[in-house]
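Undergrad: Sequence:
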Amino acid sequence: MNCPSLHGDEIPNSPSETTYVPTVFERYSMALQLDGKPVNLYLWDTAGQEDYDRLRPLSYADAQVVLMCYDVMSPNSFDNILSKWYPEVTHFCPGVPIILVGCKTDLRKDKVLLKKLRQSRQEPITYQKGQTMARSVRAVTYMECSAWLQDNIPSIFHEAAVAALSSRKRRRRQRGAWKGCLVT
Numbered sequence: 051m052n053c054p055s056l057h058g059d060e061i062p063n064s065p066s067e068t069t070y071v072p073t074v075f076e077r078y079s080m081a082l083q084l085d086g087k088p089v090n091l092y093l094w095d096t097a098g099q100e101d102y103d104r105l106r107p108l109s110y111a112d113a114q115v116v117l118m119c120y121d122v123m124s125p126n127s128f129d130n131i132l133s134k135w136y137p138e139v140t141h142f143c144p145g146v147p148i149i150l151v152g153c154k155t156d157l158r159k160d161k162v163l164l165k166k167l168r169q170s171r172q173e174p175i176t177y178q179k180g181q182t183m184a185r186s187v188r189a190v191t192y193m194e195c196s197a198w199l200q201d202n203i204p205s206i207f208h209e210a211a212v213a214a215l216s217s218r219k220r221r222r223r224q225r226g227a228w229k230g231c232l233v234t
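With my numbering, the residue at position 41 of the sequence shown is 91, and numbering never jumps.
One or more of the hints may lead you astray.
Taking lysine-lysine pairs in the DSBU-like style, the calculated list, with each CA pair at most 30 Å apart, reads [unchecked claim]: (1) Lys165 to Lys134; (2) Lys179 to Lys166; (3) Lys134 to Lys159; (4) Lys159 to Lys179; (5) Lys134 to Lys166; (6) Lys179 to Lys161; (7) Lys179 to Lys165; (8) Lys179 to Lys134.
Don't read these hints as lab results, they were simulated from the structure. Predicted, not measured: the structure shown is a model, and the values here were computed from it.
With the sequences and hints as input, model every part of the structure.
TA: Structure, rendered in structure tokens:
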């Protein structure tokens, strides 16, 4: 199943790393078990910069679930969910389930970043704000994670697989039984 991951922020190799390396498209695949059955997830990590706005829709083809990600330490990243990502996803992926993911939760305790946010009269995005945004974008669920600590990552992929498969079953029921011919 295809699962685009949309965000404009990199996942650093360490909590204090600040060098930004833009992502155009990175593809990953992973296998997991769901109800005792093997499931393959194909993940597309896409760039958020305007320079890639014309290329990014290529990653949406055949998407069965979309992970909309934002940095919990970046109010701008959070605001982009509603102003940029939600309109784009609903345009290119109508009816595809969305999972909203708050990333870099380990940085909520980073004193240097907290001070920096306070100086600009900002604060980290709370779990409650994330839940409210998830309702606004009609996400099937809201989750948070830390890639640095590997916190909650497997759960997010599990939920993505569940959302994609349940959406797929729902679409099949809506279309009715398949009528056709199978040649082997």
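Undergrad: All hints, please: hold or fail.
TA: Here is how each hint holds up against the structure:
{"no.": "1", "hint": "Lys165 to Lys134", "verdict": "28 Å, holds"}
{"no.": "2", "hint": "Lys179 to Lys166", "verdict": "20 Å, holds"}
{"no.": "3", "hint": "Lys134 to Lys159", "verdict": "28 Å, holds"}
{"no.": "4", "hint": "Lys159 to Lys179", "verdict": "17 Å, holds"}
{"no.": "5", "hint": "Lys134 to Lys166", "verdict": "25 Å, holds"}
{"no.": "6", "hint": "Lys179 to Lys161", "verdict": "21 Å, holds"}
{"no.": "7", "hint": "Lys179 to Lys165", "verdict": "20 Å, holds"}
{"no.": "8", "hint": "Lys179 to Lys134", "verdict": "18 Å, holds"}
Every hint from the earlier list agrees with this structure, and none is contradicted.
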